[in-house]
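The whole structure should be built from the sequences, with the hints applied where relevant.
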Amino acid sequence: MTAGAGWETVIGLETHVQLRTRSKMFCGCSSAFGAPPNTNVCPVCLGLPGALPVVNAQAIRLAVRAAFALECRVHTRSIFARKNYFYPDLPKGYQISQFEEPLATGGGVAFPSPERGVVRATIVRLHVEEDAGKSLHDRVPRATAVDLNRSGVPLAEIVTGPDFRSPQEARAYLLALKEILQYAGVSDCDMEKGSLRVDANVSVRRAGATALGTKTEVKNINSFAFVEKALTLERERQVGVLEAGGTVVQETLLFDVRAGAVRPQRTKEESKDYRYFPEPDLPPLVVPGQWLEEERHALPELPAAKRERLTARYGLPAQDAGVLTQVAAVADYFEAVVAAGAEPKPAANWIMGEVLADANKHDGALRVSPAALAQVIALVKAGAVSTQAGKRVFEAVAERGGDPKTVAASLGLVQVTDAGALAGWVDQVLAAQPAEVARYRGGEAKLLAFFVGQVMKASKGKADPKLVPELLKQRLDA
Amino acid sequence: MSHDAIADRLAQAESLHALLTPVVDVRASLATQLAQLPPPARAPLAGLPVVVKDNICTLEYTTSCGSRILEGYRSPYDATAIARLKAAGAVIAGKTNCDEFAMGSSTEHSAYGRTHHPLDPARVPGGSSGGSAALVAAGAVPAGLGSETGGSVRQPAAFCGTVGIKPSYGRVSRYGLVAFGSSLDQIGVFGDTVTRAGQVLSVISGRDPLDSTCMDLDPLRMPEPPRDLAGTVVGIPGEYFPTDLDAGIRRACERVKERLRQLGATLREISLPHTRHAIPTYYIIAPAEASSNLARYDGVRYGPRFGAAADVRQLYRTTRGQGFGPEVRRRILVGTYVLSAGYYEAYYGRAQRMRGLIAQDFRRVFEQGVDVIFTPATPTPAFRAGERMADPVAMYLADIFTVTANLAGLTALTMPIGRVQGLPIGGQLMAPGFEEERMLRAALALERVVSATEEV
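Going down the list, the sequences are from chains A and B. Residues 1 to 478 (my numbering) are what the first sequence spells out, left to right. Residues 1001 to 1456 (my numbering) are what the second sequence spells out, left to right.
Because the hints were derived from the structure by calculation, they are not lab data. Be aware that one or more of the hints could be misleading.
What the hints assert, rightly or not - Over the 12 angstroms line for every Cβ pair with chain B, so calculated as not near, a few chain A residues: (1) G117; (2) D190; (3) D281; (4) A329; (5) P465.
Claimed, not checked - Derived, one-sided and incomplete: chain A residues facing chain B with beta-carbon distance under 8 angstroms: (6) G50; (7) V54; (8) P91; (9) K92; (10) G93; (11) Y94; (12) V146; (13) A458; (14) G461.
For glycine and all other residues, C-beta sits at the position ideal for the given N, C-alpha and C.
Structural data, given as structure tokens:
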């Protein structure tokens, strides 16, 4: 499935992220996910006659922080506007959003393009708005049910320029965006819970052309796994249309997961006119200078800066730094392990291996303290336990806690380095294998590995495998 | 007064068709409300019956906005103004008729029938808050609440011969006032006297965390009546005294000007040159906001549905097509049009700029030393029912002297200044935003020297 040669894909993304507030954008109702239908509602988010919106300050603070994280210019004065359209899950018949004067403009996000190296996507604008409710088509037979728990949940809409040249780039950008917003504590960015949603504008043009082709809007891409799939399908479709001599029609398409296809939204042919106008129920949004200061301050080191620092300061390969910084807590953990005395590269290897595997099985929890992991690493480095045994110690500490050295001892995993004890096992093995000893001495040097295995077996794994070969050679070559 | 005494008075006024709540329901509710009055020390309005326009949300009674689309609708909450009235000891004596969603100037555009003028049943009481105005003027209750978008309290107050106050935009919380034109709407007050209206306004005014457009100000304080108006400069705008002004109204206004001079006020001719654009400006901005504000009445969550619908589009079409009356439909269409892509700038954008120029007219004269402005409240006395129903523009012109205060965010009041051939005539005082006390002082002084009922 590749597009015909000679076509360039152009993609821009509009991303909606739910801001991590306790209450909704314009009322005090809980914004929690998963409550029974229509229980987190009040006159304001139900759009009852006479109700009025009041702006949630925390939502504005988080949006400001997001804007800073995305290197945007924050406008101290912005305007709420009504976006008018009829839909059963939109209780007021309009969505309170921002239009001509958004909260922030002109930012950027650097992301690793699989084709072009590090690329900076432009952030055209970031604005705040309220979410709509949900229409449930599978709850009641032959009818649509409406759940308004989500109505009024605060969102930031983040719009990029037409900066992506492939579905893969679009996905890489989204991963970078998600990392940044999670770092900043702005949003969970959990696509599966709908706290990050993406609409894409897609067009294709002849390679080398500068004018943009006619774009379509692809909606309903609700999983990271589907981003590439949906966008690839749409690119192929457009190229197919153009190569057959047709023209692309500007329209909105929905990605259908089950059918694995994009298809036009089922609405009558009509131009979209949202009749935006300034929201008369809300004065202009003026962000106090103090909030700007505080939110700039609340911004932690962001993934790109952290990656750069980890490679520079700890000499880590870029790939390791990339893995370690996907989640801020993991990067912090790495630094704590190093601070507890571990060398950076072994620490990184342990984290990318054992620690993340364990965390994935336990809801992301980092169950072994940085100090304990540093001790495990030290035990392996000193040869007190083998690498294999070290992993067992790690697992045991993760499960039951305890001091790694004591745990290793209690599990009988401490390696024996005592020359006398080692010599005993070596002599025992050589005495038991006269035929193999003869063959070795006859020139079959590769039998050394066999003897090492036998010694390890005899010692029940406790013999230090680094010392055993030398000792064997001394005896056999004597 | 006992609940029976209040209800009996309302029953006597039943022929006006001003009250939408059946008197029997009011009687029952008043008994409960009077039994739960707050302690007298905290109840400046203890036992005062207040009727409330049908577009202000109350826990008692239905809130239907004079529309079929909200027939039987009960609000699960009290508007802020209602909660404050109750806290001050007032009792809510029923909901009053109005033009549907406050769109009209005669209380003829109600789905529940027209209200009659208290002095001549063939005439209109004005509107849109005609029900409250008629009941206060008829002496059935001492006070009432209405709402103002372009004169809907002052104009019916003038037609019926009572006091009507439009507070400055942001003086009274709009929380619980069903929205028509959000940037213009304010809850207003009717009273049998300036003092009564001012007292009720004081109780409902002041900051409200539920309305972001309500100013962060303490409640209004009712001023003492002044001995005279020495030192007060009263502006008389030529634009409000056109050559075709009703002769009786002109005579009544001349008498008021004479009294103002006698009180020691200085009269100054002023000009508000953009006044002639006020009605067209208003009829772009208010319908634009209304088209959006009324989008929520879609039959999905509340209100009647008027029959089965095959799909959601048909549900919208039947609910809104049958639920709204012709005047509301007209304004939704106008508002939708003026906000449409390609027309926004030509209509809404220009109207907003004109609104700024109208406000600037007022700012200029107030900056040049004018304290209050005096004008007639309406160009004619109450007209006959049916007379203007076929001519929307003639109907709109009934608000020509009142819309400017809404567009400019000012405070204004009308008060009876005499009668012509038995019909009340209203005079209007206007003051800068949040200068209610200044305006009320002038009104208190005038009230003592101008007969409300004398023929001129």
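List, from low to high, the hint numbers that the structure doesn't satisfy. Of the numbered hints, 3, 13, 14 do not hold.
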